[in-house]
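Asker: Could you slot chain F onto chain R? The hints should help.
Residues per chain, in single letters:
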Amino acid sequence: MRRRDFLRHCSDAGLALLAPSPARARPAARYDQLLILVELKGGNDGLNTLVPFADPTYYRLRPRIGLKRETVLQLDERCALHPALEPLLALWQARELAIVQGVGYPKPNLSHFRSIEIWDTAARSDQYLDNGWLARAFAVAPVPSSFAADGVAVGSNDFGPLAGGNARSIVLADPAQFARQARLAQSAQSARAPANAALAHIRKVEADVLHAANGIASRVELRTAFPPGPFGNATRAAAQIAAAPAGVAALRLTLGSFDTHQNQPGTHAALFKQLAEGLVALRAALHEHGRWESTLILTYSEFGRRAQENASGGTDHGTAGVHFVLGGRVAGGLYGATPSLDHLDNGNLVHSVDFRSVYASVLEHWWGIPAAGILAGRFAPLELLRS
Amino acid sequence: MRTATTSRSKAAVMRYLLLLTLLLPSLVSAAAQGMDDARHLLGRAGLGASPRQIIEFSGLSRVQAVDRLLATTHHAALTPPPEWVSEAITPRHVLRDMSPDERKDFEHRERQRGLQLRGWWLQEMLGTPSPLTERMTLFWHNHFVSGQHKVRQPQLLYQQNALLRRHATGNFAELLHAVAKDPAMLIYLDSASNRKDQPNENFAREVMELFTLGEGHYGEQDIRDAARAFTGWSVDPDNGEFRWRPAQHDMGEKTVLGHSGNLTGDEVLDLLLAQPATADFIVAKLWREFVSPGPANPQERRERAQVAARFRASAYDLETALRALFLTRSFWAASNRGTLLKSPVDLVVGTIRQFEIPVSNPLPLVTVTTQLGQNLFAPPNVKGWPGGTAWINSQTLLGRKQFAERVFRADGMPRLEHPAQGDRPTATAMATSPGDQRGMPRTPYEIVVDADGWLASLPGSASPSEIERFVLARPPAGTLPVDARGRELLRLLALDPAYQLR
Numbered sequence: 000m001r002r003r004d005f006l007r008h009c010s011d012a013g014l015a016l017l018a019p020s021p022a023r024a025r026p027a028a029r030y031d032q033l034l035i036l037v038e039l040k041g042g043n044d045g046l047n048t049l050v051p052f053a054d055p056t057y058y059r060l061r062p063r064i065g066l067k068r069e070t071v072l073q074l075d076e077r078c079a080l081h082p083a084l085e086p087l088l089a090l091w092q093a094r095e096l097a098i099v100q101g102v103g104y105p106k107p108n109l110s111h112f113r114s115i116e117i118w119d120t121a122a123r124s125d126q127y128l129d130n131g132w133l134a135r136a137f138a139v140a141p142v143p144s145s146f147a148a149d150g151v152a153v154g155s156n157d158f159g160p161l162a163g164g165n166a167r168s169i170v171l172a173d174p175a176q177f178a179r180q181a182r183l184a185q186s187a188q189s190a191r192a193p194a195n196a197a198l199a200h201i202r203k204v205e206a207d208v209l210h211a212a213n214g215i216a217s218r219v220e221l222r223t224a225f226p227p228g229p230f231g232n233a234t235r236a237a238a239q240i241a242a243a244p245a246g247v248a249a250l251r252l253t254l255g256s257f258d259t260h261q262n263q264p265g266t267h268a269a270l271f272k273q274l275a276e277g278l279v280a281l282r283a284a285l286h287e288h289g290r291w292e293s294t295l296i297l298t299y300s301e302f303g304r305r306a307q308e309n310a311s312g313g314t315d316h317g318t319a320g321v322h323f324v325l326g327g328r329v330a331g332g333l334y335g336a337t338p339s340l341d342h343l344d345n346g347n348l349v350h351s352v353d354f355r356s357v358y359a360s361v362l363e364h365w366w367g368i369p370a371a372g373i374l375a376g377r378f379a380p381l382e383l384l385r386s
Numbered sequence: 000m001r002t003a004t005t006s007r008s009k010a011a012v013m014r015y016l017l018l019l020t021l022l023l024p025s026l027v028s029a030a031a032q033g034m035d036d037a038r039h040l041l042g043r044a045g046l047g048a049s050p051r052q053i054i055e056f057s058g059l060s061r062v063q064a065v066d067r068l069l070a071t072t073h074h075a076a077l078t079p080p081p082e083w084v085s086e087a088i089t090p091r092h093v094l095r096d097m098s099p100d101e102r103k104d105f106e107h108r109e110r111q112r113g114l115q116l117r118g119w120w121l122q123e124m125l126g127t128p129s130p131l132t133e134r135m136t137l138f139w140h141n142h143f144v145s146g147q148h149k150v151r152q153p154q155l156l157y158q159q160n161a162l163l164r165r166h167a168t169g170n171f172a173e174l175l176h177a178v179a180k181d182p183a184m185l186i187y188l189d190s191a192s193n194r195k196d197q198p199n200e201n202f203a204r205e206v207m208e209l210f211t212l213g214e215g216h217y218g219e220q221d222i223r224d225a226a227r228a229f230t231g232w233s234v235d236p237d238n239g240e241f242r243w244r245p246a247q248h249d250m251g252e253k254t255v256l257g258h259s260g261n262l263t264g265d266e267v268l269d270l271l272l273a274q275p276a277t278a279d280f281i282v283a284k285l286w287r288e289f290v291s292p293g294p295a296n297p298q299e300r301r302e303r304a305q306v307a308a309r310f311r312a313s314a315y316d317l318e319t320a321l322r323a324l325f326l327t328r329s330f331w332a333a334s335n336r337g338t339l340l341k342s343p344v345d346l347v348v349g350t351i352r353q354f355e356i357p358v359s360n361p362l363p364l365v366t367v368t369t370q371l372g373q374n375l376f377a378p379p380n381v382k383g384w385p386g387g388t389a390w391i392n393s394q395t396l397l398g399r400k401q402f403a404e405r406v407f408r409a410d411g412m413p414r415l416e417h418p419a420q421g422d423r424p425t426a427t428a429m430a431t432s433p434g435d436q437r438g439m440p441r442t443p444y445e446i447v448v449d450a451d452g453w454l455a456s457l458p459g460s461a462s463p464s465e466i467e468r469f470v471l472a473r474p475p476a477g478t479l480p481v482d483a484r485g486r487e488l489l490r491l492l493a494l495d496p497a498y499q500l501r
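If you read the sequences in order, they're chains R and F.
In terms of numbering that gives the first Met the number 0, the first sequence is residues 0 to 386.
In terms of numbering that gives the first Met the number 0, the second sequence is residues 0 to 501.
With the rest of the complex left out, here is chain R:
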């Protein structure tokens, strides 16, 4: 515990030193380019997302839940998509979908909570950071105050990578309802009592609500039809916010639970159907409002799953995963090396792409912010965008 505290302090201090001092010119980040993160909660099974159908070891490891060659959506001679992801094929063919395989980090942690914390804070496996990686980015390169908010978490109650720091983050389910209720927030100017941490938190939330309310209040009409269900609703809300004139830099959506310890096939297919239909609707709505070219969508998850199926028709916690990058400026295709099924580490896949390289692509190529000071180290960005 003490060692952990020490690391926490050390590493945060280290980051502060790396970050440019406020006195110097801050980089002008291109926050008019929107980032939408989609968290696949619970640990999505990469091997049944991008299926190595040509590898006999895959079927040996997964006699019950391995996806049959004749059902999968073949992308090339070795890889195929899960059949429920069929709606995404159009994006793949339009070369607007990048699939990054073997995404993970060294010394993987197999706890849901710790591993998502590592992803959310862009930390090393043995490093404990307090703030989300987006909150850190917004601290280094502030979002213009004219924006309605730095980030909005849609439809879930936690902030993930938007947490901590001084980020102006909002949680909402429905922009119109948020705008109506915002009148209940109080202006902090009337403060008179000294604030404890809990009270200070409430005051900050009230200030963020008041600031965001006007920008998000404008009603945006969408012709696009969205699929039913919570994820469909979240993609609709995301499209409305993206189309509103007062911007936000980042949106975070969630879908889950992908924690498929038992009877994986039905659960996984149902989740992928929601994911694919929601993303396709989101793309249509962003097209409708001319924002598809200025939006980047990224999926992430705390880990992939064990290569071998378990006895319950499911999979236990694993390591490297597969992630999707979508957008009008994305250079579609496969990225990263396919993890070898013959060289597992304790039954787990060995990663080939550090997740922080994906984050570095967002920071450097999408927003134009130097990534090194934010990611606590240098990670080569992937060339995910068309030049």
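Don't take each hint at face value.
Below are the DSSO-like pairs computed for lysine-lysine, each with C-alpha atoms no more than 27 Å apart in a straight line [as the list claims (entries may be wrong)]: (1) R:Lys106 with F:Lys180; (2) F:Lys149 with F:Lys103; (3) F:Lys149 with R:Lys272; (4) F:Lys149 with F:Lys195; (5) F:Lys284 with F:Lys382; (6) F:Lys149 with F:Lys382; (7) R:Lys203 with F:Lys284; (8) F:Lys180 with F:Lys284; (9) R:Lys272 with F:Lys103; (10) F:Lys382 with F:Lys180; (11) F:Lys180 with F:Lys149; (12) F:Lys284 with F:Lys195.
Note that these hints are calculated values from the structure, not bench results.
No experiment lies behind these values; they were computed from the predicted model shown.
Answerer: Just chain F, lined up with the frame of chain R:
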């Protein structure tokens, strides 16, 4: 002989000194504690206190008040549960053979029952004479998490809830052993499908990370071998009861935390209980529930370690731990008052208990607490609700204020937001808020405070600043109009940020 006597009397002196040190906080406050202390204790250990209860406790000393709370805990709920809780579960083969329509009806019935179960628990929280029992039952529900989406059959959730209440202020070691074999837990963390040759690590991991040691006190190998030790613990799919399947138990040698042998599941639990980290971990969580968001200074750290040491020395007696906790200086410190955020249950149940509002139907409150982020029997994941400042974000804060507005509204009529605009605000709110709210009641609720009656129950003619001290755990954060009186004053206090604190 002589030496023995001396050392005995020395020991007696030492014991006396030790006793003195332990009683010190109480000795300094043997006098009646007064209104503020009584409000603090009842707000922290209970679920919102009415003026009558505060006045009653204000005449006791701190020790007397704490002892009275601990002496009056319950081990079973007073509210009669729904009748179906004693029905046999639907056996697996019946579920398997259902037609799609039968399955749909079955799932609808289970959702309705889940809702009734939530209503039953909220009703118990609203009416119980021992709110500490319910706070601790909820504490364990958020520790030994199980959720309906995985467990499915609500009878099993009821049984687990009764188990948590039975042990709520009892013995943690017994609770751990019992909950590890509880059918809802066995299903929730996949022990039911943890078999020799292909172990499922879910329970083994969470029992170390979340139930006993906390992260950093075990390795991956400990988890793998512990999972093997737990093989054979299962649930009978026909009657939903714990079943030991010796043929599925891995008899091989396992090594957990440096101990090797043909370990059983119970032996692994005892190994976890033998680690000092377990008492530290549980007491740290109790500290965040009752005292402060985290030790702010060396005295708090020292006192927390003392409570953990006594908890461990008592072989995990929870009443010992709670008594020690409530009698720390930190618990009473002025700097710690009003530093904990109310959970949605604290806010909703606490408001109703504090203002003595009659509630005939608790079901709408199930929807409210869910909208505010706390759907009972459905925590977000095995780690439970994170709590603390995570309770409050833009959405939940606005929802909390809307609840306060409705309770303290002047006209006494249910009011929808902007009904004139012709949209469906309540329906929208229900459909798009977090948490699975399928089948939850969508009618506006009729819960209104009797402001005049409540104000009349305060001692003498209470001034606005005295009323403030009955309503809030700390002074208001905003400036209130000086002429605010009666219901309007209560409404403004309930909308103040300080109303979210306890």
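Asker: Within a Cα-Cα threshold of 27 Å, do Lys272 of chain R and Lys103 of chain F meet the stated pairing?
Answerer: With Cα atoms ~21 Å apart, Lys272 of chain R and Lys103 of chain F stay inside 27 Å; holds.
Asker: Decide if the proposed pair is consistent with the structure: Lys149 of chain F and Lys195 of chain F, CA atoms, cutoff 27 Å inclusive.
Answerer: 23 Å, holds
Asker: Check the hint pairing Lys180 of chain F with Lys149 of chain F against an upper bound of 27 Å on the C-alpha distance.
Answerer: 16 Å, holds
Asker: For the pair supplied as a hint, Lys284 of chain F and Lys195 of chain F, is the alpha-carbon distance within the 27 Å limit?
Answerer: Status violated; Cα separation ~34 Å.
Asker: Decide if the proposed pair is consistent with the structure: Lys284 of chain F and Lys382 of chain F, CA atoms, cutoff 27 Å inclusive.
Answerer: 12 Å, holds
Asker: For the pair supplied as a hint, Lys149 of chain F and Lys382 of chain F, is the alpha-carbon distance within the 27 Å limit?
Answerer: With Cα atoms ~15 Å apart, Lys149 of chain F and Lys382 of chain F stay inside 27 Å; holds.
Asker: CA of Lys106 of chain R to CA of Lys180 of chain F, is that 27 Å or under?
Answerer: The hint is violated at about 33 Å.
Asker: Hint check: Lys382 of chain F vs Lys180 of chain F, CA-CA at most 27 Å. Holds or violated?
Answerer: Roughly 19 Å between the alpha carbons, so the hint for Lys382 of chain F and Lys180 of chain F holds.
Asker: Are the Cα atoms of Lys203 of chain R and Lys284 of chain F separated by 27 Å or less?
Answerer: 26 Å, holds
Asker: Taking 27 Å as the top limit, are the C-alpha atoms of Lys149 of chain F and Lys272 of chain R close enough?
Answerer: 21 Å, holds
Asker: For a C-alpha distance cap of 27 Å, please report whether Lys180 of chain F and Lys284 of chain F respect it.
Answerer: Distance ~23 Å between Lys180 of chain F and Lys284 of chain F Cα, so the pair holds.
Asker: Quickly compare the C-alpha distance for Lys149 of chain F and Lys103 of chain F to 27 Å and report which way the hint goes.
Answerer: Between Lys149 of chain F and Lys103 of chain F the Cα gap is close to 17 Å, so the pair holds against 27 Å.
Taken one by one, the earlier hints fail for this structure at numbers 1, 12, listed in ascending order.
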